[in-house]
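Trainee: For reference, the chains in residue letters:
2 protein chains.
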Amino acid sequence: MKARVTIMLKDGVLDPQGEAIRHALGGLGHKDVAGVRQGKLIELDLTATDPEAARAEVARMCEGLLANTVIEKYSIEIA
Amino acid sequence: MKARVTIMLKDGVLDPQGEAIRHALGGLGHKDVAGVRQGKLIELDLTATDPEAARAEVARMCEGLLANTVIEKYSIEIA
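Line by line, the protein sequences are chains A and B.
For reference, each letter of the first sequence is one residue, going 0 to 78 in numbering that gives the first Met the number 0.
For reference, each letter of the second sequence is one residue, going 0 to 78 in numbering that gives the first Met the number 0.
Wrong hints could be hidden among the right ones.
[To be verified] Using 27 Å as the maximum straight-line C-alpha spacing, the simulated DSSO-like pairs for lysine-lysine come out as follows:
#1 B/Lys72 / A/Lys72
#2 B/Lys9 / B/Lys30
#3 A/Lys1 / A/Lys72
#4 A/Lys39 / A/Lys72
#5 A/Lys72 / B/Lys30
#6 A/Lys9 / B/Lys1
#7 B/Lys30 / B/Lys1
#8 B/Lys72 / B/Lys1
#9 B/Lys72 / A/Lys39
#10 A/Lys1 / B/Lys39
#11 A/Lys1 / B/Lys9
#12 B/Lys39 / A/Lys72
#13 B/Lys9 / A/Lys39
#14 B/Lys72 / A/Lys1
#15 B/Lys9 / B/Lys72
#16 B/Lys39 / A/Lys9
#17 A/Lys72 / A/Lys9
#18 B/Lys39 / A/Lys30
#19 B/Lys30 / A/Lys39
#20 A/Lys30 / B/Lys30
#21 A/Lys1 / B/Lys30
#22 B/Lys1 / A/Lys72
#23 B/Lys39 / B/Lys9
#24 B/Lys72 / A/Lys30
#25 B/Lys39 / B/Lys72
#26 A/Lys39 / A/Lys1
#27 A/Lys30 / A/Lys1
#28 A/Lys9 / A/Lys39
#29 B/Lys1 / A/Lys39
#30 A/Lys39 / B/Lys39
The hints are simulated quantities; they were obtained by calculation from the structure and are not laboratory data.
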């Protein structure tokens, strides 16, 4: 079973990396970019077979290691 | 218009960062993780209004700056 975790900075948290990308894109002539936010994507191969149990386990991974929940939000897709 | 770019290492390219995450998860007791791949997620706010033109523009951004197409693959969602 595969899980895909998306981790982004919470709204309102400054994203200097995204801002650097926006600036670089502007320098390359992409002037119609109003904003950029950068996040992380983590794909997990799980041996679990129950989707609900897998989602709960991945949520524990996010809370414990993958995301900094003070400033980041995460979402989980199970496939 | 929003665009979401997903950038992952190509299959077959070693992902030491993903492997480090897998190892750390194992150390925290998450033993049922068979593999981890880490990628990037970039959300773009575009002033463009035509979805097809926006997709083509974002593809140019990926080829020119956002992705290293020698070792990375990207996918684009327009919303």
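Trainee: State for each hint whether it applies.
Mentor: We went through each hint and held it up to the structure:
The hinted pair formed by lysine 72 of chain B and lysine 72 of chain A meets the criterion: a straight-line CA distance of about 25 Å does not exceed 27 Å. A distance of roughly 25 Å separates the Cα atoms of lysine 9 of chain B and lysine 30 of chain B; the hinted pair therefore holds under the 27 Å criterion. A hinted pair counts as satisfied when its Cα atoms are at most 27 Å apart, and lysine 1 of chain A with lysine 72 of chain A qualifies at roughly 20 Å. Restraint check for lysine 39 of chain A and lysine 72 of chain A: the C-alpha separation of about 11 Å stays at or below 27 Å, so the hint holds.
Only pairs whose Cα atoms come within 27 Å are accepted, and lysine 72 of chain A paired with lysine 30 of chain B is accepted, the gap being roughly 24 Å. Pair hint lysine 9 of chain A plus lysine 1 of chain B holds up; C-alpha atoms about 17 Å apart against a cutoff of 27 Å. As the CA atoms of lysine 30 of chain B and lysine 1 of chain B are separated by approximately 37 Å, the hinted pair breaks the 27 Å bound. For a cut-off of 27 Å, the pair hint linking lysine 72 of chain B to lysine 1 of chain B stands: about 20 Å separates their Cα positions.
Note on lysine 72 of chain B and lysine 39 of chain A: the hinted pairing holds, with a Cα-Cα distance of about 15 Å set against a maximum of 27 Å. Our distance criterion of 27 Å between C-alpha atoms is met by lysine 1 of chain A and lysine 39 of chain B, whose separation comes to about 17 Å. A distance of roughly 17 Å separates the Cα atoms of lysine 1 of chain A and lysine 9 of chain B; the hinted pair therefore holds under the 27 Å criterion. Under the criterion of a C-alpha separation no larger than 27 Å, the hint pairing lysine 39 of chain B with lysine 72 of chain A is consistent with the structure, at around 15 Å.
For the hint pairing lysine 9 of chain B with lysine 39 of chain A, the CA-to-CA distance comes to about 16 Å; that is within 27 Å, so the pair holds. Annotation: proposed proximity of lysine 72 of chain B to lysine 1 of chain A holds, straight-line Cα distance about 19 Å (limit 27 Å). A distance of roughly 6 Å separates the Cα atoms of lysine 9 of chain B and lysine 72 of chain B; the hinted pair therefore holds under the 27 Å criterion. Among the hinted pairs, lysine 39 of chain B with lysine 9 of chain A is consistent with the structure: their alpha-carbon atoms are about 16 Å apart, no more than 27 Å.
As the CA atoms of lysine 72 of chain A and lysine 9 of chain A are separated by approximately 6 Å, the hinted pair is consistent with the 27 Å bound. As the CA atoms of lysine 39 of chain B and lysine 30 of chain A are separated by approximately 22 Å, the hinted pair is consistent with the 27 Å bound. At roughly 22 Å between alpha-carbon atoms, lysine 30 of chain B and lysine 39 of chain A fall within 27 Å of each other, so this suggested pair holds. A threshold of 27 Å between alpha carbons decides the hint, and for lysine 30 of chain A with lysine 30 of chain B the separation of about 47 Å lies outside it, so the pair is violated.
Only pairs whose Cα atoms come within 27 Å are accepted, and lysine 1 of chain A paired with lysine 30 of chain B is accepted, the gap being roughly 15 Å. At most 27 Å may separate the alpha-carbon atoms for a hinted pair to count; lysine 1 of chain B and lysine 72 of chain A meet this at roughly 19 Å. With a C-alpha separation of about 13 Å, the suggested pairing of lysine 39 of chain B with lysine 9 of chain B holds against the 27 Å cut-off. Pair hint lysine 72 of chain B plus lysine 30 of chain A holds up; C-alpha atoms about 24 Å apart against a cutoff of 27 Å.
With a CA separation close to 11 Å, the supplied pair lysine 39 of chain B and lysine 72 of chain B stays within the 27 Å bound. About 16 Å separates the Cα atoms of lysine 39 of chain A and lysine 1 of chain A, which keeps this hinted pair within 27 Å; it holds. Distance hint between lysine 30 of chain A and lysine 1 of chain A is unfulfilled; the C-alpha atoms sit about 37 Å from each other, more than 27 Å. A C-alpha spacing of about 13 Å is found between lysine 9 of chain A and lysine 39 of chain A, which places the hinted pair at or below 27 Å, so the restraint holds.
About 17 Å separates the Cα atoms of lysine 1 of chain B and lysine 39 of chain A, which keeps this hinted pair within 27 Å; it holds. Distance check on the hinted pair: lysine 39 of chain A and lysine 39 of chain B sit about 5 Å apart at the alpha-carbon level, within 27 Å; holds.
In this structure, the earlier hints numbered 7, 20 and 27 are contradicted, and the remaining ones agree with it.
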